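Asker: These protein sequences, in sequence, are chains A and U.
Remember, the numbering used here sits 175 above the position in the first sequence when you count from 1.
Remember, the numbering used here sits 1057 above the position in the second sequence when you count from 1.
Fair warning: there could be bad hints in the mix.
On the chain A side, residues computed to face chain U include the following (Cβ under 8 Å) [to be verified]:
(1) Leu-231
(2) Asp-268
(3) Ala-276
(4) His-390
(5) Arg-519
(6) Leu-566
(7) Trp-619
(8) Gln-638
(9) Asp-641
(10) Asp-644
Selected chain U positions facing chain A (in silico; Cβ < 10 Å) [said to hold, decoys possible]:
(11) Ala-1138
(12) Leu-1354
(13) Leu-1440
These aren't lab readings, by the way, just hints derived from the structure by calculation.
Computed from a predicted structure; not experimentally measured.
Note that the Cβ used here is the ideal one computed from N, Cα and C, for glycine as well.
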Amino acid sequence: MNARAVHRRLLGLAPRARLLLGGAIAAGVVGAALLVVQAAAIARIVDGAAFGSGDLGALQGTFALLAAALAGRALLSAITEWLGRRAAERAMDELRRRVAAHVLSARARQVEEARRGELATAAVHGVDALADYYAKAVPQMALAAVVPFGLVVAIGWRDLPVAILLALTLPLVVVFMVLVGKASAERIAERRQALGVLGSHFLDVVRGLPTLRAHGRAAAQAETLGAIGERYRLESVAALRVAFLSALVLELMAMVGTAIAAAVVGVQLAEGALGFEAGLFVLLLAPEVYVPLRLAGQRYHAAEDGAAAAGKLLDLVGEPTSGGLYPQEGHRPPFIPSAPLTLRDVTVLGGAGRPPALDGVDLTIAPGRLTALVGASGAGKSTVLALLARLREPDAGEVLVGPLGAGAAALGGVAGAATGMGGAGAAVPLTSFTREAWWREVAWLGQRPALLRGPLAETLLLQAPDASDEELARALERADAADVVAELEAGVETVVGPGGRGLSGGQRQRLALAGALLSRTPLLLLDEPTAHLDPDSAARAAEGIRAAAAGRTAVVATHDPAVIAVCDDVVELRDGRVLSIARDREAVAA
Amino acid sequence: MSVTRVEAAGGAGERGGGGVSAWRVEAVGGAGERGGGGWRRLPASVRVVALGAGAAVAGAALLAASGWLVTRAAERPPVLALLAAIVVVRALGLVRAFGRYGERIAAHDAAFRQLAELRVRWYRRLVADAGAAASGGEAHAGAVRGGAADAAGSGAAARVGAVRSGAADAAASGAADAAASGAAGTAGSGAAAGAGAVRGGAAGAVRSGAVPGAADLLSRFVVDVDELQHRDVRVRWPVGVAAVAALAATGFATAILPVAGLALGGGLLVAATVVPAAAYLAARGALRRQGAARAALVDELVEAIDAAPQLALAGRAPERLARLDGASAALSRIGRRDALAASAAQALGGLISGATLVAVLAVAVGPASDGRLAPVWLGALALLALGAFEAVTALPEAAVRAVGVSAAQRRLDEAVGHAASADTPPTERGAALRRRDAGTSEGGARAASVDVQSSERGEARHRLDEATGEGGARAASVDVPPSERGAVEHRRGEKTEGGARAVASADVPSSERAAAERPPFVADRTTAGHASGVASGARERIADATQGAPALAAHGLRHRPGGAGAPVVLDGLDLALGAGERVAVIGASGAGKTVLVELLAGLAEPDEGAIERGDGPAHERVRLAGQEAHLFATSIANNVRIGAPGASDREVEAALRATGLGAWLEALPDGIETLVGEEGFAVSGGQRQRITLARCLVSPARVLLLDEPTAMLDPPAAQAFLADLDRAAGGRAVLVVTHERTGLEAFDRVLELRDGRLHDAGRRLTAEHWLSARV
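Just chain A, same shape as in the assembly:
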């Protein structure tokens, strides 16, 4: 996304923010008008005192005017700042809402998952960069386009030659700024990137400190850090010498303009072509013509930083989804607990530069049975589960629910015949239901189950809020988690998660499994349910899974021989393809 597009999207983020920005700019324009009043008042006072009648009482009104103008400017600058910050808050609030909505849509790609901490931090702390963008940069850019010309007109009112002179320098200044700015923009971007590299190198070294220590290289690395920092300093300063030229040019042009204006005014005064008061007025306003440009130049970089920070978030959340996040329309799936689930020629692409996670997979999950997905890491087990849970959609092919034709029945094996009451109608793709409707039929246990902050019961009952105490106790028993809860000081009411009671990986796993086994949905999807469990515990959990799977369609991705042993069907995956399918196994140990 180019910079212009980011700006457009940032400004389009929240209509209310645009309104506030408009207010901030308007306040800036009024402030500039007061600047003219201020200059006129100062000129009159000095003129009156230096060359006037000596009647100071006559100046009192002018003093009052000056004070009012100054106070008004102070107030207006505060208003500009306030409205700008409000706009930033407003836009950031909107951005945060979109991030939250995006996150909760459970569509986050894996790449994002790896960076979720950064995402959360950016969403919350990014407001600082955005505050500069809205409160300082954007209003100043707008003012830079308006105020100089207004001031030149005001000057022309009293002294046309100087106004013409200044009007001539203005485009010149802009042209020079653009030229020099273009020349240096690339180098600035390069430096910025280099600084980024430097920063991430430092973080990398700090993170790798345990490794460096283990190899006796921790202390040595300090020298490398210093050497790299020094090299980047030299390169950066050389680049900045060029980059800052644009500011220098602006400053020089402004100064030369002011100096020439002073000289021209002086000569006009000396020749008597101009009154003192008018001359002083012009002289006071002349430097102000360039100030908005200078500020805009300075704050342009703040704008870039803010845009870069927000751009990342914008890229992530994409365009707002039309029609709301959770469409309520769409029909409840005529989901039949006994209908087979079929992957038909399904391909799911991997990340950039990686092979596809699933590569043209045809697979039927027999209804009412417990199916194991086995295979090495990366074979595509979790992807199959994510497809069935509709946490992902296939990039090609489709996932169907319901009985296929005769050929498909053969694929489904003996179990395919058991479609029974669900047989009404042909197989339909899962995409014909809303995800929310589908999810009501599914219980899912992911590989890294999260404990919600708060009482443990909240996590346990997430997928079955109305479960009875007996059911909960049974699910805990099945997941071999009863002893975990028994050890907790307040049982299922113990506060867990960040800030609460800590639990080990194995304990968390068993509790999360209990939550999944507690559900009564027709489809049960478990991803590595016995990971982190010792063999004895895993064996007990496997029996529990077997028991909980009775009467529902269950799919388990696993390496664990104990779990495989309790499954009816075993599907082996390798490199995103189905390697073999073993149906109707009696519980055979691997």
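Following the hints, position chain U against chain A.
Answerer: Just chain U now, kept in the frame of chain A:
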């Protein structure tokens, strides 16, 4: 004392490999400072303040001079009389413009320099602290947690990290059911801030999700260190510039009209104190108020990200979204109040400068009208009063920055500071000495071939290579002899056989590895090995090498990682590891497995007991591949060279091949120069472990300690890794810590760490079993 021979083949290091890698450092000789005269030798602060104040004074003087000019012109003097003033005005304009430019360059130069220095300084403190943390314990953790919690969002950031380090987290929790020992291991071996905190967990409690993740605290650490660079550039120097400029303006005004000077000086003083103070208070209040709200929102957001699929499937997403929106709105409300405070400070600044202008004019009008003040000077005074505030208006911003800097400083001091100075462990002191050594020898030692006596200087040389010559004159081959007495012959033998020692010794079956102390069944196996007819030359070689002392021995280790009061984790532990022996240590979570390997590796000192590793620094004898061995964002080759900075490409490649990565390397776009790490090529868990292993293999160490190398691998991959490990380690002794009880058939001994001691795990393995397992 060992002999290190470094042969540097000039220009041999020419390699491809694209991308920006900060690891590639070219020669930095002579600090690159341009000659320059006395000006450049001035402290940066003086230069920056002088330039900045010069520019500010020139700006104010410019206004005053043009005020004088027009007023004088209004008196209708000959035009010639104005020329001098016109020239002065233009000159001042140039001075101001170039002064500003010079100030910006000098300030940025100083900022970059400070950034580098700060990073090095805090990194060193972190290194020192990491050592101390081994005995640091709970108090430390408390400080860290407190520090993390009270600053804006840092407590939250910590939690973020706990989540972000997805892989790390999984490794820790997966490694050992109750992952206490695992987590403690990771952190204890160096993650400064998290170290103490997580180590508390090792003391018996289960690992708490509430403990800030080490990885997060580290990113916070990095951000805080970078924040410190603003102290001079954005706080102190602007204050200096403002002070000089304000004094100059006041002095000038006083010279024109004392009472006007008084008014201007008073106004400047108020503007330079009251307004920044107001801005400071507003910013500090905002930090405090928003800190909690931001932390709450980050918590909510992280949990939402973490549990998004769970929540979505349970139909709870809309409800959660409403909660998040509420948290966001709460933050916005606070933000609005803070915006008001900041705006009020801004208005205050404008009011004070305006009032000053009015006051200066008011006191000057009288004298001007009755002739006590020449009209020309009234014009100068009016414009001076307008221009004098420019430097002062930068102060509120400096005050706001000061809030951030002092918060960062406080967090850093709490996290790293106190432990650093107090008890720097001996190893680190040694390192510091060697560092100095390296510093002195840095000047010229870039010769083509250097013979360096003593391991210390060898170290220095390595470091020098790393710092200066990655690109060109990096040592092409470094032959660092092993450390054990008596093993030199052995090594030499390998060398003559075929250069790459890892490969040379890879073929030797472990049955050939006769260790000094072996349980009876091992003796059986050795016999079996004989029977299987393996080359006896190799056997003898190893027998030669391993006669005498064990490669690593520990006697009566007693250690409580949490410090005084914490439970004793190791209690009178004994261990003897023969050269070439393969030992697995199993044990329940929190049994102290990680603590044990850290002590063995010399990363921490035991409270009682002794560890024999042979002469020289511990890391020359023993290498530990920790649970979360880090892949740096650089090439695979450079990652391996962490183990031996001078290793040649051939050695690096041989080590990688020995770990079974040969086929993978060939498929990579840039071979061993392929970039890995955060932004680089994705590496699987097994590949990561193998690169980590290769790091140890290129090192001169004869004892390899691996902490949970298979925790992240599925069973087949774990088996494959252990087999490759066995092959690649060759004559080195290997101790693997694991929570898996299965798949350990290939080990000579399996020990269980229980009640602070090692027990024979009671594996009843006969020679036949063992042989069949091997085959």
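Asker: Which of the numbered hints are not met once you compare them with the structure shown?
Answerer: 5, 9 and 10
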